[in-house]
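There are 2 protein chains.
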Amino acid sequence: MGTKLAPPQATIKRLSIYLRYLNGLDGDGVKVISSHDLARKLGLNPAQVRKDLAYFGEFGKRGVGYSVKKLRDHIVKILGLQKIRKVAIVGAGGRLGTALAMYTGFEKRNFKVCALFDNDPALIGTTLEHLGQISPVSELPKLVKEREIEILILTVPARAVKEVYDMVMLSGVRAVLNFAPFKLISTENVLVHNVDLTTELESLSYHLCLQESGIPVEPDDET
Amino acid sequence: MGTKLAPPQATIKRLSIYLRYLNGLDGDGVKVISSHDLARKLGLNPAQVRKDLAYFGEFGKRGVGYSVKKLRDHIVKILGLQKIRKVAIVGAGGRLGTALAMYTGFEKRNFKVCALFDNDPALIGTTLEHLGQISPVSELPKLVKEREIEILILTVPARAVKEVYDMVMLSGVRAVLNFAPFKLISTENVLVHNVDLTTELESLSYHLCLQESGIPVEPDDET
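Here the protein sequences line up with chains A and B, keeping their order. Using the numbering used here, the first residue of the first sequence is number 1, and each one after it goes up by one. Using the numbering used here, the first residue of the second sequence is number 1, and each one after it goes up by one.
Just so you know, the hints here were simulated from the structure itself, not pulled from any lab data. Some clues are possibly wrong.
It does not matter which identical chain is meant; a pair holds if it fits inside one copy or across any two.
Said to hold, decoys possible - Straight-line alpha carbon distances no greater than 30 Å define the calculated DSS-like cross-link-like pairs of lysine-lysine that follow:
1. LYS61 with LYS86
2. LYS145 with LYS31
3. LYS69 with LYS41
4. LYS142 with LYS51
5. LYS61 with LYS112
6. LYS142 with LYS61
7. LYS51 with LYS69
8. LYS145 with LYS51
9. LYS70 with LYS145
10. LYS162 with LYS31
11. LYS69 with LYS142
12. LYS13 with LYS51
13. LYS77 with LYS112
14. LYS83 with LYS69
15. LYS145 with LYS69
16. LYS162 with LYS83
17. LYS70 with LYS142
18. LYS183 with LYS70
19. LYS108 with LYS183
20. LYS31 with LYS77
Every value quoted in this text rests on a predicted model; they were computed, and no experiment measured them.
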């Protein structure tokens, strides 16, 4: 394999997709899958699948394919999903915050929502179903420590970002998933991923625009 | 520039980010920006910024920089955002569907929510604030045509995807942004982008895992 390169972000995202599909196959009792079948089912190119997995060592046997269980377990380890990652939502009282707090897909994949924060005085102290009470943002450092929270999901409006930023960065969490419409930059101690829901729509608009000008659109392998 | 290559998806997504930042600069009366400053403000590499923009022709003057207004207008055209794109939400009665329907960020960027769909009999006919009535999914083809809807945002639970899939694909829309935890593949007529919110968390988990094993994490340029 020669020198090991760091895998691109798109490869890491595809690992999640492979994992979900392999979990399904394992549930159905399938033992082995070829890179060709894996690619076809997920709308990808077999060479891309092999290249993605090759970043992490040798898998599968030529002409035989991948062991579903082994590949799944390996991806779980690569992504660090063998243990529960504790998550908190900042802006939990807003619509998107509540939707994400209640989203059952996270817990199925080993992310557990362990604390809820908001700065709206009318919401502090109220409870969100089985998830418990909403705390003021000032309690972030205390609860992050007590509950060993590693990841914050930030869903505050743009105007509130400045207000909560210092508290978030100093809270002791190691990663932030930022949905606020305000790009945050990673620091040495806190890794930030920014999610902008409008970007996805703009990207679709770009492809519609190509179609309108008669340029055939190739579905990209990004998902 | 030699042969023109199709820009990667990551470049298209960064165009959205440039656009947002340029809009802010224009609002502040800034006339010119260098690729270096643009990159620094957005946590990117100047070479990456120049490469992204070079896919779409020559911009800026060496040693002078980009005209904020011209670059912004050009990106608006590239992304096809000079006209309003009409959007509908399928699964508008669910928490995520409602959160997205009410998200004011879309309309600010020229995406207008023009119809709401759900299959829950208790919700059909109810209204969602100023956005109007929720219609049954069976009315998709009719309303897509009447209201000239181009993009559907799909936020139904996994179990409901099969039920609505045919109706979505035959509805006449040209693009789908799929939040359902079930990967949909683009067809010749319908371009699908899948958004999986857990993928973002898994990608953060991967980086946490690297940190835990003592490997320094370089912030990637994906946002």
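Status of each hint after checking the structure:
1. Taking the closest pair of Cα atoms, LYS61 and LYS86 never come within 30 Å of each other, the shortest separation being 36 Å inside a single copy and 49 Å across copies.
2. Neither within a single protomer nor between protomers do LYS145 and LYS31 lie at most 30 Å apart by alpha-carbon distance, with minima of 42 Å and 46 Å respectively.
3. For a Cα distance limit of 30 Å, the shortest separation of LYS69 from LYS41 inside one copy, 18 Å, qualifies, whereas the shortest one across copies, 44 Å, does not.
4. For the homomeric pair LYS142 and LYS51, neither the shortest alpha-carbon distance inside one copy (43 Å) nor that between copies (44 Å) is at most 30 Å.
5. Neither within a single protomer nor between protomers do LYS61 and LYS112 lie at most 30 Å apart by alpha-carbon distance, with minima of 36 Å and 50 Å respectively.
6. For the identical chains of this complex, LYS142 and LYS61 are neighbours neither inside a copy (50 Å) nor across copies (51 Å), given an alpha-carbon limit of 30 Å.
7. In this assembly of identical chains, LYS51 and LYS69 lie within 30 Å of each other by CA distance solely inside one copy; the values are 20 Å within and 41 Å between copies.
8. In this assembly of identical chains, LYS145 and LYS51 lie within 30 Å of each other by CA distance neither inside one copy nor across copies; the values are 39 Å within and 43 Å between.
9. For a Cα distance limit of 30 Å, the shortest separation of LYS70 from LYS145 qualifies neither inside one copy, at 35 Å, nor across copies, at 48 Å.
10. Taking the shortest alpha-carbon separations for LYS162 and LYS31, only the inter-copy value of 26 Å comes in at or below 30 Å, while the best intra-copy value is 51 Å.
11. Taking the shortest Cα distances, LYS69 and LYS142 never come within 30 Å of each other, neither inside one copy (40 Å) nor across copies (46 Å).
12. In this assembly of identical chains, the alpha carbons of LYS13 and LYS51 lie at most 30 Å apart whether taken from the same copy (14 Å) or from different copies (23 Å).
13. In this assembly of identical chains, LYS77 and LYS112 lie within 30 Å of each other by CA distance solely inside one copy; the values are 18 Å within and 42 Å between copies.
14. In the homo-oligomer, the alpha carbons of LYS83 and LYS69 lie at most 30 Å apart inside one protomer (18 Å), although the nearest pairing across protomers, at 49 Å, exceeds that limit.
15. Taking the shortest alpha-carbon separations for LYS145 and LYS69, neither the intra-copy value of 35 Å nor the inter-copy value of 46 Å comes in at or below 30 Å.
16. Within a single copy, LYS162 and LYS83 get their C-alpha atoms no closer than 32 Å, and across copies no closer than 32 Å, so neither meets the 30 Å cut-off.
17. Taking the shortest alpha-carbon separations for LYS70 and LYS142, neither the intra-copy value of 40 Å nor the inter-copy value of 48 Å comes in at or below 30 Å.
18. In this assembly of identical chains, LYS183 and LYS70 lie within 30 Å of each other by CA distance solely across copies; the values are 23 Å between and 38 Å within a copy.
19. Taking the shortest Cα distances, LYS108 and LYS183 sit within 30 Å of each other both inside one copy (28 Å) and across copies (17 Å).
20. In this homomeric assembly, LYS31 and LYS77 come within 30 Å of each other (Cα to Cα) only inside a single copy, at 19 Å, whereas the closest approach across copies is 49 Å.
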